[in-house]
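Chemist: From the two separate chains plus the hints, produce the assembled complex.
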Amino acid sequence: MPKRSFSLARRSNPLRLLLLGLVAFGVWQYAAAQNTPLLSGGLGFFTNTNDGATSYLPIMEPLAAVPLGNRFLIESRAILLESFNPKGGGQEGYNHSHFVALTYLQGDFIAAPHLTVVGGSFLTPFATYNERLSPFWVANFQDGPLISGLGVMQTGTSLGGQLRGSAVSNENFSIDYAAYFSARSGNEQFNSARSSGGRVSVYLPKQRLEIGTSYGRLLQGTHENFSGVHVWWEPQDTGFRLRSEWARGAHGNGYWIEADWRMKQFGGYNSWVGRFEPLFRMQQTFKTDNIGGDPLPSVNTQRADFGLDYNLPHNTRILTSYARQFSSNKDVNIWETGLTYRFLFPAWKGH
Amino acid sequence: MNREHLLLNAAAIALFGVAIAGAAQTQAKPAQKDQQNAKQQSTATHPSNTKQSEGQRVFEQNCARCHTPPDGFSPRISGTIVRHMRVRASLSEHDAQELLRFFNP
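For the record, the sequence lines run as chains A and B. Per the numbering used here, residue 1 is the first one in the first sequence, and the count goes up by one each step. Per the numbering used here, residue 1 is the first one in the second sequence, and the count goes up by one each step.
Don't read these hints as lab results, they were simulated from the structure. Check the hints yourself; a few may be wrong.
Per the computed footprint, the stretches of chain B lying under chain A, defined by three or more beta-carbons under 8 Å from a beta-carbon of chain A, are [to be verified]:
#	region
1	53–67
2	70–83
3	90–96
Residues on chain A that point at chain B, a partial pick, calculated with CB under 7 Å [said to hold, decoys possible]:
#	residue
4	36
5	64
6	67
7	108
8	132
9	165
10	166
11	169
12	205
13	250
14	294
15	314
16	315
17	344
No residue lacks a Cβ here, since even glycine has one placed at the ideal position from N, Cα and C.
Extracted from the complex, chain B is given alone in its bound form (with noise of 0.2 Å):
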């Protein structure tokens, strides 16, 4: 590899750093904004932890199924994931009420 080459790929990682970073940052308000909704989440996706919900049940089935949970989201989006996930993993429209009560306690 030359030293052009070396030089690229120091830039691609950071810039990739930085993006992290920044994305991280611009996260975190929300985050700390909607801790209690995060909270919820977190621990409702460790079933050992919380009482099972009917909201719940559709999250660890249809959710959790494919890919790991994030770390928590603002509540202002979630009417727009449950939409997401109702066509890509094929929820009825009662699941889906669920799982958005789910993260609307």
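If we strip away everything but chain A, and leave its shape as in the complex, we get (with noise of 0.2 Å):
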């Protein structure tokens, strides 16, 4: 999960105006009344049991948002975290680790009504999981799938522009797309690889399906392609999702099936019942050979994941869930919890 290591103590001086301009900015923004800068993101405890060893993790996500007139928004999310792990090799007692980085620091311009610029450090966009679901009070699951790292170029995140939006959208379908390039940069609050690559997904409001495509392609050391699909399905009025992706690099590929039913059935969304929500992942990693350091398992890796959340009143969180992992290396059980809140408000008071 961790990216990079970043120092808000080291943090140079111009970055440190920079960031000071851009606040002086938000607030005389101000003025518009519903473009008020916020501050969003979460708070969470997790704990994971994999093959009997227990890691607790207490962990923050803030995520800023500036909105600068009325085409230009600036928005980052960092993560702050503290890691205890079993110090393993038969002694007993745990190791502990803190981390802080920035995930991402980007500018957007809304350039035209299906286009928008995006500059800075910015979620790789590849498949579904990095830009979506990997906020851990957005993923239903504590930990990623196994093929979350493909496609991503090695740090998820890029730097460099981007040209995203909606190509086309109508009751019947809607069409977006993403392209972007990125260079190579060894800094670290904003490492990233050269790379280049997009993403088009056309979705089928009364169908309620999402369907799109990714490629990605390293533009560094061994240059390697990527590519994936990823398909969401929604039934109306169920509660029920279903979202999977497969994806494939130059060393092997993998696939993740995730379904998870909200019960509203009974009840409504905020009845007591309606509050749990059942999950099942499947996913699979094949590799083809050891040669590059992917991100995949080093050997084909089976995983079957079963969960149960609770939904919370105030945006709060119960996440559950028990893994079976078959390998050749060996067969796990693994065990996670968490909770989770997510907190959303004005970045100051106001009337």
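Modeler: Okay, structure coming up:
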């Protein structure tokens, strides 16, 4: 999960001045009644028992969004966590480490009704998990799919420019797109690989069906191609969702399929039963060789996750799951529990 | 786990609890202040309760597709949320306007 180290204390003065400038400009924009800058994000506490070893993870991911004028938006997300892991090797006790990093910092310019230009450090648009489900207060399971590292170019974040938007949108279908180019950066705050790629998705609102495809090419070291397909289906008025992705890289491929059902038929979403959310996820990865260092497990792996989430009032969720993972290395049980809280409020008080 | 780590874990859990309580109190006022707004959003997220509008359609198909809708929020940030969603969910200008109208009827 952690991508880079980032020390707030070591942040350079120009960056600090830039952030202060943005805040000041945001204050000036306060006059726009609906465009007050916001603070959002999540607080979470997770436990993970993998093959009998239990880890603890208190975590916070704040997100800020500052609109500037009528067409600009500056947004950023950071991550702060403390990880407690067993020492292992027959030793008792725990090691702990902390991690603070900027996940992304991007500027968005709405250039035309169907075009937005994004610049800066942004989440790499490949498939769906990285952009849509990686915030822990959104994801149904505590940990990401085994293939979540494929196509996102090592760090999950790109540094450069991106064009994206809705090409067509009507009552029968909509098509959205994203295309990007990223420079290579070894900066500890904005670590990224030289790469390019994009994604196109078609959404059919009547069927509540989304089908999309992604492509990415690594343009440094050994140039490699990544491709992927995703299918999401959410039948209307059922509370059921099906999400899936398949992705391949130069050294392997894999897929995940996740189903969740919000039990709204039993008194609605806000009844005590309707707040339950049973989950199931199936995933497999297949290695074609072990020449390159890609994020897939080193051997073919199968995994089934069974989960039960509970959506408490006030944007709080309880996440629980059990997974059985099969591979030639070792078959393991993985138990996970978590408590998450999502916050969303204006950056300052107002009338 | 030794005593030091037990204490650290207990402190982390306590901090988490305090943070939730504090944030809930921070949100309580806007939630009460904008009760009508929150109520509209709350009912609007459940199709059976209210007439389908264009903005509601945009909301259900583009926002609720990925995440559970928040319990309500101040109307002062509705424009910022729409702009964020316009980028993240690749909304067209028309859909963004309808979504803003849905948040501020």
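Chemist: Tell me the numbers of any earlier hints that the structure contravenes, in ascending order.
Modeler: Violated hints (numbers, rising): 5, 13 and 14; every other hint is consistent with the structure.
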